[in-house]
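Chains as they are written, first to last, in this note's numbering: chain V, 1 to 281; chain L, 282 to 530; chain U, 531 to 983.
Check the hints yourself; a few may be wrong.
What the hints assert, rightly or not - Lysine-lysine pairs mimicking DSBU-like chemistry, simulated, CA-CA at most 35 angstroms apart: (1) Lys77(V) to Lys752(U); (2) Lys60(V) to Lys752(U); (3) Lys77(V) to Lys551(U); (4) Lys406(L) to Lys377(L); (5) Lys752(U) to Lys551(U); (6) Lys551(U) to Lys60(V).
Note that these hints are calculated values from the structure, not bench results.
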Amino acid sequence: MTAERWITAALGCSIVASIGLVVTYLLGGQAQVEGMLLAVALGGLGAALVIWAASLLDAKPESEEVHPLASTQTTRKATLETLSPDEITRRGFLLRLLAGAVAALATALAIPALSLGPQPGRALFRTDWQGGARLVGADGEPVRVADLGLEAVRTVFPEGHVGSPDAQSLLIRVRPGDLVLPDGRADWAPEGCVAYSKVCTHAGCPVGLYRAEDHTLLCPCHQSNFDVLRGAVPTFGPAARPLPQLPLEIDADGYLVATGDFPEPVGASFWNMTHSGEAAE
Amino acid sequence: MKRMRLAALAIATLAVIGFAWLGGADAQDAPELQPGSPERGAELFIVACATCHGRQGDGAASGPAIADAGAASADFQLRTGRMPLAQPPGEQPLRKPPAFEEQAIRDLVAFVASLGDGPAIPDVKTDASLSRGMELFVANCAPCHGATAAGGAVGGGALAPALDRSPPRIVAESMIIGPGQMPIFDLPAEDGNAVASYVEFLRTSDPLGGFSIGNIGPVPEGFVGWFVGMGLLAVLAYLVGRDWRKAGG
Amino acid sequence: MLRWFDDRLGLASFTRSGLRKVFPDHWTFLLGEVALFCFVVLLLTGIFLTLFYVPDGTPVTYEGPYLPLHGQQVSAAYRSVLELSFEVQAGLVMRQVHHWAALVFLAAITVHMLRIFFTGAFRRPRELNWLVGIGLLTLALALGITGYSLPDDLLSGTGLRILYSAALSIPLVGPYLAFLLFGGEFPTETIVSRLFVFHVMLLPALLIGGILTHLAILWRQKHTQWPGPGRTEHNVVGRPFWPSQVLKSTGLLLLTAAVLAMMGGLIQINPVWTYGPFDPTTISAPAQPDWYVGWLDGALRLFPPFEPTILGITIPSPFIPGVLIPTAAFTVMALWPFIEARLTHDRADHQLLERPRDAPFRSAIGVSGLTFFVVLTLAAGNDVAAIIFTIPVETLTNALRVAIVVVPPLAGLLTWRICRELRRRDVERAAGERGGSVRLRRNAQSGFEEVDE
Chain V
1 MTAERWITAA
11 LGCSIVASIG
21 LVVTYLLGGQ
31 AQVEGMLLAV
41 ALGGLGAALV
51 IWAASLLDAK
61 PESEEVHPLA
71 STQTTRKATL
81 ETLSPDEITR
91 RGFLLRLLAG
101 AVAALATALA
111 IPALSLGPQP
121 GRALFRTDWQ
131 GGARLVGADG
141 EPVRVADLGL
151 EAVRTVFPEG
161 HVGSPDAQSL
171 LIRVRPGDLV
181 LPDGRADWAP
191 EGCVAYSKVC
201 THAGCPVGLY
211 RAEDHTLLCP
221 CHQSNFDVLR
231 GAVPTFGPAA
241 RPLPQLPLEI
251 DADGYLVATG
261 DFPEPVGASF
271 WNMTHSGEAA
281 E
Chain L
282 MKRMRLAALA
292 IATLAVIGFA
302 WLGGADAQDA
312 PELQPGSPER
322 GAELFIVACA
332 TCHGRQGDGA
342 ASGPAIADAG
352 AASADFQLRT
362 GRMPLAQPPG
372 EQPLRKPPAF
382 EEQAIRDLVA
392 FVASLGDGPA
402 IPDVKTDASL
412 SRGMELFVAN
422 CAPCHGATAA
432 GGAVGGGALA
442 PALDRSPPRI
452 VAESMIIGPG
462 QMPIFDLPAE
472 DGNAVASYVE
482 FLRTSDPLGG
492 FSIGNIGPVP
502 EGFVGWFVGM
512 GLLAVLAYLV
522 GRDWRKAGG
Chain U
531 MLRWFDDRLG
541 LASFTRSGLR
551 KVFPDHWTFL
561 LGEVALFCFV
571 VLLLTGIFLT
581 LFYVPDGTPV
591 TYEGPYLPLH
601 GQQVSAAYRS
611 VLELSFEVQA
621 GLVMRQVHHW
631 AALVFLAAIT
641 VHMLRIFFTG
651 AFRRPRELNW
661 LVGIGLLTLA
671 LALGITGYSL
681 PDDLLSGTGL
691 RILYSAALSI
701 PLVGPYLAFL
711 LFGGEFPTET
721 IVSRLFVFHV
731 MLLPALLIGG
741 ILTHLAILWR
751 QKHTQWPGPG
761 RTEHNVVGRP
771 FWPSQVLKST
781 GLLLLTAAVL
791 AMMGGLIQIN
801 PVWTYGPFDP
811 TTISAPAQPD
821 WYVGWLDGAL
831 RLFPPFEPTI
841 LGITIPSPFI
851 PGVLIPTAAF
861 TVMALWPFIE
871 ARLTHDRADH
881 QLLERPRDAP
891 FRSAIGVSGL
901 TFFVVLTLAA
911 GNDVAAIIFT
921 IPVETLTNAL
931 RVAIVVVPPL
941 AGLLTWRICR
951 ELRRRDVERA
961 AGERGGSVRL
971 RRNAQSGFEE
981 VDE
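Just chain V, with the same shape it has in the complex (with noise of 0.2 angstroms):
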C-alpha cells in the first residue's frame, strides 16, 4: 500500500473514533470503550502525521554549522561595564548596607512561614492514655477480660479517645507463664493481657499484623517483627525500639484500665526523644 493510502488509512479510522466518542459521550460513556476510541481517534491522527514525514517529505539531510557560543573577550568586558558603572560599583559602604537590608527584608517577609504549623512542645511525648483510663474497642465498648478469649487480639483506644492515632493500642491476650517481660513490668500484663502500642516505631505506619502462632507483630510498611512475648522488642526488619508498652491492670468490676501513659514516645523516632522532661506518667 503507498503511504497515501496509509494516511488515508489512519485518518479514516481516527474520525470514526472521534465520532464514536460523541456518540459514547452521549449515551452514558462507558470507561473502557471510551479508553480504546480515544486511543484509536489520537492514534490514528499521529500515525498519518508520521507516515506524511516519513514518506512524503523529501528530506535530505542538512547540515548547519555551530559556532562556539561564547562571546568575544571585547563584548564580555563591555557587558560587564555596562552592568557595573562606577556609580554602583564605587559605594561599597552603601552596597554592603543594601545587602543587609535585603536579607533582613527577606528574613522578615519569611517568618510568617511558621504560621504553617504548631511548635512541637511536648506534643511528641504524650498520647491520650492515662492513669484509669478504661480500655474501649473500635465500638466504643469496654473491654472485659472475661470475653477476651486467649489468642485474640483487639485494637482499643482509650475511653473517650475511639480512633486516636497515637493513643491506637493492640491489647493481646497470651498465656501469662509465656511472657517474658522487661525488669518492673511484671504487673503490666494482668492475666496474661498485654498492651503495646500500634504505631511503628520506624516509621509509623499501624503494626496490623499479627501471626497468633509466632506471638509475633508484624508491620506490613517496611517488615519489622516485634515479639509480644518479650516486651515487643523488634526481632527482625529495620525498627530499632521496642513498641512502648501500656501498663494495665484489671478493675473491680473485671474491665481492663491503663495505670498511666506509655513510659516513652510512640511512633517514629526523633533526635530529642530521650530528653524526657516531664515524665510520663
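Once you've looked at the hints, dock chains L and U against the given chain V.
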C-alpha cells in the same frame, strides 16, 4: 489412518467429558445427602486422621489434639482441603482440592464435633450491610489479606491467602477458629455476617476500571507502566525516529 | 496572515531561521520528547480533574452509589474522587489516564536521563541543561507524590505517614519541620489542601518554567549528534525543524497520548474505592508507593535497625536511608558533569556523542548507580515477591541486603570490562580493514579513538 484419528478424537473427547463429570462432580449432584453421622465419621477418622491426631482426637507425635476444635474447625480444614496435610509439618497448610466428598466431610465434622465442645459451624447470612462489612474488613482483615483481599505475606514463612475462593461459610469459620497464624476474631454474629457479605462482594464483583492486573496495587502497576507503557512508547519512538528511506521503506 | 503578525512583531526572518533549524535524527533523541508529551497529557487530564476534585480534608458522610462505602466517614477530598470515578462521565477514564501518564512520565524521564548520561551528552557546554534536567526530575517526583496523595485513601495516607516520619527523623529540626509541613502532629486535615496547592499550582509552574528553560538551552546550543560521515564537533547534521521534525514530533505526541488513553481505559489503576478512606489506625498490606518512590521505600526496608544516640541526640533509623542517602545520591547525580570533567581533564566543547563503550569509566559508574537504584526499587516489593515466589520475606530481605552492597560494584566492574573488550574488537576490526595497522590514542574518557592519517 483418518478413521483411526477420528476414533481417537472421539475417545479423547468422551474421556474428557467423563472425567469432568466424575472428577468435578458438584456436591449437590450426589445422591441424597444425609446429616453428618458421628459413627460413619469415626470410621473415616480412624483411617484418615487418627495417625496424626490420635483415635479420640487427643493428639499424637505428629499432630495436635483436636478434641476441642469443634465442627467449625473441622469443616474449614476439610472443605478447603488443608487437611489431610500435604505440607511437611511446621509449614503452613495450603488450600487444595478437598480430599473427601460432601457426605464424608459431613460425617467427619459430626465426629470431631462429638469429641469435645469446640465452636459450631456458624449460620452465615450474606445480606448484611456491605458498608459495615467493609469497615470491619479494612480494620481487621486488610492488614494481612489486603484491602482487595488479594492476600499477602505475613512473615515467618506464612502467608495470608487470597480470598477469591473462600465462600461466606469458610470466611465465617476462619474468623471463629483462627486457623494457623491467623488470630481469632470473635465478632458478634451480625458483624461476622457483614464481613462475610463484603468478602463475597469482593469475590464476585468485576473490577470497575478495567483489567485489574492482580489487584495487588502499585507493584504490578509499576511493571505495567514500564513494560506496557514505556515499552510501547520506546517502540513507537524507534518507528517514528528511524530513517525509513535509507532502510528502504 | 503572516503579514498581519509581521507588521506588528517583525518576526518573519526569525521565524524562518527557526523553521530551518537543523535537528539530528536518531530515535533515541525522541525519548525526551516522549517525556514531554506525557507531561502534556498530564496537564490536560489534570485540568479536567481539578475541576471536580475538592481539596478538603474535613470528614463528611459518603452517600454516593458505591454501596460498601455508603454511610462511612470519609474526607471531602476522598468523596470528590469517588464522585469523579462513578458519577462523572468519562471521569474514571480521565483519572486513570492521568495516573498511568504519571507512571510513564517518570519512566520516560529516567530513560531519557540514562540516554544523556551514557552518551556523554551532558559534557560541556551542556552541564547547565543537565542541572536543569535533574531539577525537572526532582519536580516530577514531587508532583507524583503530591498527586497520588490527593485522594486521601488508605494506601497513600500510609505513604504520607512515612514521609512525615522521614521529616521527623532529621536531627535538630525534624519535629519542627514535620509539624510545619503538615500543620501539626500527623494526621492533620490540612495536609490535603496543602498538597493540592503544590500539585496544581506551585510545582507545575516550576516544572513548566524548567521545561521551557531546558528547551531554550537546547535550542540555543543545538542538539548533539552521533559521530558519522560528515559530522564534526562543529556542525549539526539532520533535518529541518519544519516540516520534518514538527510533523514527526506532533505525530509522536498523538501516539503517546493514544497509548496512555488505551491504558487509562483498559487497565485499572489505583482503585481507591477498594482501599477505603485514610484511617490512621489501620493499614492494607502489601503497602507500596508508586514505582518511582520505590527506591526510597526499598532503602527503608533494607537498612538495618541502626539508631544510635550520640551526646543526647538520637539519629532515628529512617534518617540515613530516607534522607541522607537520597540527598547524597541526588547531589552526586547533579554534579556529575563537573566531577567527570575534573577527573578526565576534559574542558573541550562537545557536539558529538560517545558510544558507551568509548567511555568505560563513565559507563561503569552509570551501570553501578543504575543497579543500586534498581535493587532498591525491587526491594520495595519484597513482600509481593515473597507471595508470588513463595519465599519467606525475611530470606528475601536478607538476600537483598547482601545484593545492594555486592551487586552494584560487580555490575560496574563487569561493564568496564565489557566496554574495554568491545572497544578492543572494534580496533581489531578496523585494523583488519586497513590491512593490519591503525593508529590509536587514548581519549579523555580513557577509551580509544583512531587518529586519521
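Now the hints, each set against the structure:
1. Lys77(V) to Lys752(U): Given that 35 angstroms is the threshold and the Cα spacing comes to 26 angstroms, the pair holds.
2. Lys60(V) to Lys752(U): 19 angstroms, holds
3. Lys77(V) to Lys551(U): Judged against 35 angstroms, a Cα distance of about 30 angstroms means the pair holds.
4. Lys406(L) to Lys377(L): Status holds; Cα separation ~25 angstroms.
5. Lys752(U) to Lys551(U): Holds: Lys752(U) and Lys551(U) sit about 9 angstroms apart, inside 35 angstroms.
6. Lys551(U) to Lys60(V): 13 angstroms, holds
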